[in-house]
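> The lines below spell out each chain.
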Amino acid sequence: MHAAATPANAAGKLGTIARRLRLRRRTVPARVLARTKREAGTEPLCFTSGVAGELFWITSFVESKKTAFAVARLGMYTGLPLRSFTETSEHQPLELARAFKAVLNLLDTAEQRELEAYLQTHLGHPVQLYDPSL
Amino acid sequence: MSSVAAGVGQSTNESTAAAVAEAISAARSKLGDVDPALVFVTATVDHDAALVHQHVREKLPGAAIHGITTSLGVLGSGGVALGPKGAVGVLVMGSPDGTATFGVGSAAIEDDGAAAGAAAAEAMQAAMTSPASVVLFNASPGLEEDVLTGVGSTLPDVPAYGGSAADHTIEGLWSVFTNDGIASNAVSLAGIGGNVRVGASFLVPYDTVGDSATVTAASGRTLQTVSERPAAEVLGDWVGPGIADQVQHGGNILAQTALNPLGLQLDDSGKHFVTLHPAQVDADDGSVGLFAVAPTGSTVCRMRSTEDRLITSIGELMQQALDDGGMKPADVRAGVLIYCAGCAGALGAALHEGLREHLAGELADVPLLGLCTFGEQGYVPGTGNVHSNLSLSVVLLGDG
Numbered sequence: 001m002h003a004a005a006t007p008a009n010a011a012g013k014l015g016t017i018a019r020r021l022r023l024r025r026r027t028v029p030a031r032v033l034a035r036t037k038r039e040a041g042t043e044p045l046c047f048t049s050g051v052a053g054e055l056f057w058i059t060s061f062v063e064s065k066k067t068a069f070a071v072a073r074l075g076m077y078t079g080l081p082l083r084s085f086t087e088t089s090e091h092q093p094l095e096l097a098r099a100f101k102a103v104l105n106l107l108d109t110a111e112q113r114e115l116e117a118y119l120q121t122h123l124g125h126p127v128q129l130y131d132p133s134l
Numbered sequence: 001m002s003s004v005a006a007g008v009g010q011s012t013n014e015s016t017a018a019a020v021a022e023a024i025s026a027a028r029s030k031l032g033d034v035d036p037a038l039v040f041v042t043a044t045v046d047h048d049a050a051l052v053h054q055h056v057r058e059k060l061p062g063a064a065i066h067g068i069t070t071s072l073g074v075l076g077s078g079g080v081a082l083g084p085k086g087a088v089g090v091l092v093m094g095s096p097d098g099t100a101t102f103g104v105g106s107a108a109i110e111d112d113g114a115a116a117g118a119a120a121a122e123a124m125q126a127a128m129t130s131p132a133s134v135v136l137f138n139a140s141p142g143l144e145e146d147v148l149t150g151v152g153s154t155l156p157d158v159p160a161y162g163g164s165a166a167d168h169t170i171e172g173l174w175s176v177f178t179n180d181g182i183a184s185n186a187v188s189l190a191g192i193g194g195n196v197r198v199g200a201s202f203l204v205p206y207d208t209v210g211d212s213a214t215v216t217a218a219s220g221r222t223l224q225t226v227s228e229r230p231a232a233e234v235l236g237d238w239v240g241p242g243i244a245d246q247v248q249h250g251g252n253i254l255a256q257t258a259l260n261p262l263g264l265q266l267d268d269s270g271k272h273f274v275t276l277h278p279a280q281v282d283a284d285d286g287s288v289g290l291f292a293v294a295p296t297g298s299t300v301c302r303m304r305s306t307e308d309r310l311i312t313s314i315g316e317l318m319q320q321a322l323d324d325g326g327m328k329p330a331d332v333r334a335g336v337l338i339y340c341a342g343c344a345g346a347l348g349a350a351l352h353e354g355l356r357e358h359l360a361g362e363l364a365d366v367p368l369l370g371l372c373t374f375g376e377q378g379y380v381p382g383t384g385n386v387h388s389n390l391s392l393s394v395v396l397l398g399d400g
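Protein chains in written order, with the working numbering: chain W, 1 to 134; chain F, 1 to 400.
Hints are supplied without guarantee of correctness; some may be wrong.
Unchecked claim - Coverage of chain W stretches by chain F, computed from C-beta distances (three or more under 8 Å per stretch; other residues unrestricted):
#, stretch
1, 52 to 65
2, 73 to 80
Claimed, not checked - Computed list of lysine-lysine pairs in DSSO-like fashion (alpha-carbon distance at most 30 Å, straight line):
#, chain 1, residue 1, chain 2, residue 2
3, W, LYS65, F, LYS30
4, F, LYS271, W, LYS66
5, F, LYS30, F, LYS85
Bear in mind the hints are in silico, worked out from the structure with no lab data behind them.
Beta carbons are placed, not taken as given, at the ideal position from N, Cα and C, and that holds for glycine.
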């Protein structure tokens, strides 16, 4: 039906996005980086490594702000089983990159800022949404 | 006395048992004393499809079961129905005077779509007491072109309309509801014949833009090269910077290409096209995954639409079907609406409002069950039954 990504291709994409996320990491407050490094115990792949629940809370926000239909659309454009995630689900950078990109298409600017505040409240650290392809 | 009676019901209840019960209760109430002969079932994959089937069978033990899972929700004159735990919808049909006939047939697809299509068509026709006037075609995504060929070998000249099973995330979580149970890779056909009036329409709401090129290498539904260039490069030139990142690094391009897909010329007239929805770019070889076949040597072209057109097409589709059947809205006893999930995803909340706007007035009273699908099938005069993407279809049934 559609071309599935090969493991090699997925690894290549993961590397590309991870490199971009490292660049973005410089804008993340030092407190978050310190916390991430302490929790992960190694150099973090991205600023959210070691922090869980991002997609659970994004889904929760979209559901409350929009509709279940909007959550389903987000699932279609990310390919991620959003409703299966919990507050403790940990995510790969590729998953987060897909979700951030899709959510930027779904929400207007004001809603994006509202989501960032919502995520900060629930995750306990600042989160800046951005398009990883830019 | 009418020859066709039907009722539609839907539910967003979180319990699968309660959702099925609510939907069937609403639908069944419209049939009065008429025995349900056919139930078209749909549900989102939030519900366990096997449980949905089990509860439908318990509630309607005498009715033939047919259907597929839907993406994004259940459609109707009230808009899009989807709750946090999904949605269930049913269209229950019967014949008050016994002169309309219904029958279903199904087959596992495995790796031979044509054989499955032929087997399902034979089983369906054998279950009917009169030849089918129209076939409701529903299958798993993957080999619909071949399955249609098989159906056509058994039922030549019988128009088929329908859509492919879908989930929300394109993970292959879809199911086909057959009379015998659920299946992940199967085709189910529902034939309707006898004393029944049929009005149907199949619409590709896109126009060609001007660019076209020859497919120089393709494998199944993967477009490898176009004009001897990697397909992703050509698509990137046509669609623009919106997919530049995916062309370079690979990835999902469903959203970006929903309004800028490819078209496949069906004949030399330059008038008839089916739409191909580019889904995924493989950066390793520059190939593009589609939801339909574009054979080597065929001509693909650049297509375009607008959100507004995808909405107004609902009204256009309904009018075409009414005209086709020589019916007014009050004459319609039942309807099945197929709306591409890619179009629905591109529209978002506008689809909800569009359905309410274009299925208003007398059309709001028509028992109409709508699904969002991963591929659409319909009848094109002069060509026959075709498989397409990003398309709409509707079948309306009235008294014969």
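> If a hint holds in the structure, say so; if it does not, say that too.
Evaluation of the provided hints:
Look at the stretch 52 to 65 of chain W against chain F: 1 of its residues bring a Cβ nearer than 8 Å to a Cβ of that chain, fewer than three, so the hint is violated. Coverage of the stretch 73 to 80 of chain W by chain F holds. Counting CB-CB distances below 8 Å, 7 residues qualify, and the rule asks for three or more. Restraint check for W:LYS65 and F:LYS30: not satisfied, since their Cα atoms lie roughly 36 Å apart, outside the 30 Å limit. Restraint check for F:LYS271 and W:LYS66: not satisfied, since their Cα atoms lie roughly 40 Å apart, outside the 30 Å limit.
In summary, the hint linking F:LYS30 to F:LYS85 is supported, as the alpha carbons are separated by about 26 Å, within the 30 Å threshold.
Going through the hint list in order, the structure does not satisfy hints 1, 3 and 4.
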